[in-house]
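Student: Residues per chain are reported as follows:
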Amino acid sequence: DGGITQSPKYLFRKEGQNVTLSCEQNLNHDAMYWYRQDPGQGLRLIYYSQIVNDFQKGDIAEGYSVSREKKESFPLTVTSAQKNPTAFYLCASSGTSDTGELFFGEGSRLTVL
Amino acid sequence: DAKTTQPNSMESNEEEPVHLPCNHSTISGTDYIHWYRQLPSQGPEYVIHGLTSNVNNRMASLAIAEDRKSSTLILHRATLRDAAVYYCILRSYGGSQGNLIFGKGTKLSVKP
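If you're matching them up, the sequences are chains F and W in order.
Here the first sequence is numbered in the numbering used here, starting from 1 and rising by one per residue.
Here the second sequence is numbered in the numbering used here, starting from 1001 and rising by one per residue.
Because the hints were derived from the structure by calculation, they are not lab data.
Where is the CB? At the ideal position from N, CA and C, for every residue including glycine.
Errors might be hidden in some of the hints.
[As the list claims (entries may be wrong)] Computed footprint of chain F on chain W, listed as stretches where at least three residues anywhere in the stretch have a Cβ under 8 Å from a Cβ of chain F:
id, stretch
1, 1009-1019
2, 1067-1078
[Claimed, not checked] Have a look at the derived ranges for each label pair, beta carbon to beta carbon:
id, chain 1, residue 1, chain 2, residue 2, range
3, W, 1007, F, 11, 30 to 38 Å
4, W, 1011, F, 77, 35 to 43 Å
5, W, 1045, F, 59, 48 to 56 Å
6, F, 12, W, 1077, 19 to 27 Å
7, W, 1052, F, 106, 29 to 37 Å
8, F, 15, W, 1025, 20 to 28 Å
9, W, 1069, F, 28, 19 to 27 Å
10, F, 109, W, 1080, 39 to 47 Å
11, W, 1104, F, 8, 48 to 56 Å
12, F, 14, W, 1010, 39 to 47 Å
Whole structure, please, built from the sequences with the hints as guidance.
Tutor: See the structure below:
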């Protein structure tokens, strides 16, 4: 079945460590997105990519990095420079040629100990 | 990017219709109106979208004001499974597909 897969679902990290969250899609979508969600809040955009080997910063990119070497993959690295990384992270994808729906993964919950 | 405004929360009784409002007074001519909903600890799921005309699908109906500055998501018969946070966002056709702004949405509670 087509869709978006995020892993891991839960992740614990010690302060000062980098961690990479995986996002894979088999929908043949050009655009992919990473959002952060804090308790009781909406989604805030971290990075997005409209095409392979290209990506743009969203509203809260500081302390995060991404790569887009393959169309189906858009990993997010939470670096030690991110001051408050504990959050729920959501990956999404969509076709860029239309205004159809965004498809979201099930999310990755990161907790910094 | 154009922004939307929604009430923080709403309540409904099971099997009654629910009307979820959204204001988007700065909408541009190329903006589509999208609705998503999010269950606890899950990613948002698509509900419906439209441009100018009212839209219906198996999940809901979308009523768009004639001036397009507001819209209403209609759940015809609320069930307990409809309890979620509902987001109204604007998505521009032909422009950048990035920076889709999700606000806090409306938290819908459904009472049995």
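Student: Does the Cβ-Cβ separation between residue 1045(W) and residue 59(F) fall within 48 to 56 Å?
Tutor: With Cβ atoms ~23 Å apart, the hint is violated.
Student: Taking a Cβ-to-Cβ distance below 8 Å as contact, does the stretch 1009-1019 of chain W have at least three residues touching chain F?
Tutor: violated (count 0)
Student: Could one say that the CB atoms of residue 14(F) and residue 1010(W) fall in the range 39 to 47 Å?
Tutor: 41 Å, holds
Student: Check the following: the C-beta atoms of residue 1052(W) and residue 106(F) are separated by a distance inside 29 to 37 Å.
Tutor: 33 Å, holds
Student: Per the hint of 39 to 47 Å, is the separation of the Cβ atoms of residue 109(F) and residue 1080(W) within bounds?
Tutor: About 25 Å separates the Cβ atoms of residue 109(F) and residue 1080(W), which means 39 to 47 Å is violated.
Student: Can the stretch 1067-1078 of chain W be counted as covered by chain F under the rule of three residues or more with Cβ-Cβ separation shorter than 8 Å?
Tutor: violated (count 0)
Student: Is 19 to 27 Å a correct range for the gap between the Cβ atoms of residue 1069(W) and residue 28(F)?
Tutor: Hint violated: Cβ distance 35 Å, outside 19 to 27 Å.
Student: Holds or violated: the 30 to 38 Å window for the beta-carbon distance between residue 1007(W) and residue 11(F)?
Tutor: Holds - the Cβ-Cβ distance for residue 1007(W) and residue 11(F), about 34 Å, lies within 30 to 38 Å.
Student: Residue 1104(W) and residue 8(F), beta-carbon distance inside 48 to 56 Å?
Tutor: 27 Å, violated
Student: Is it true that the C-beta distance of residue 15(F) to residue 1025(W) lies inside 20 to 28 Å, as the hint says?
Tutor: 43 Å, violated
Student: Could you tell me whether the CB distance from residue 1011(W) to residue 77(F) stays inside 35 to 43 Å?
Tutor: The hinted range 35 to 43 Å holds for residue 1011(W) and residue 77(F), with Cβ atoms some 41 Å apart.
Student: Please check whether residue 12(F) and residue 1077(W) have a Cβ separation lying inside 19 to 27 Å.
Tutor: At 42 Å between Cβs, range violated.
In summary, the structure is inconsistent with hints 1, 2, 5, 6, 8, 9, 10, 11 from the numbered list given earlier, while agreeing with the others.
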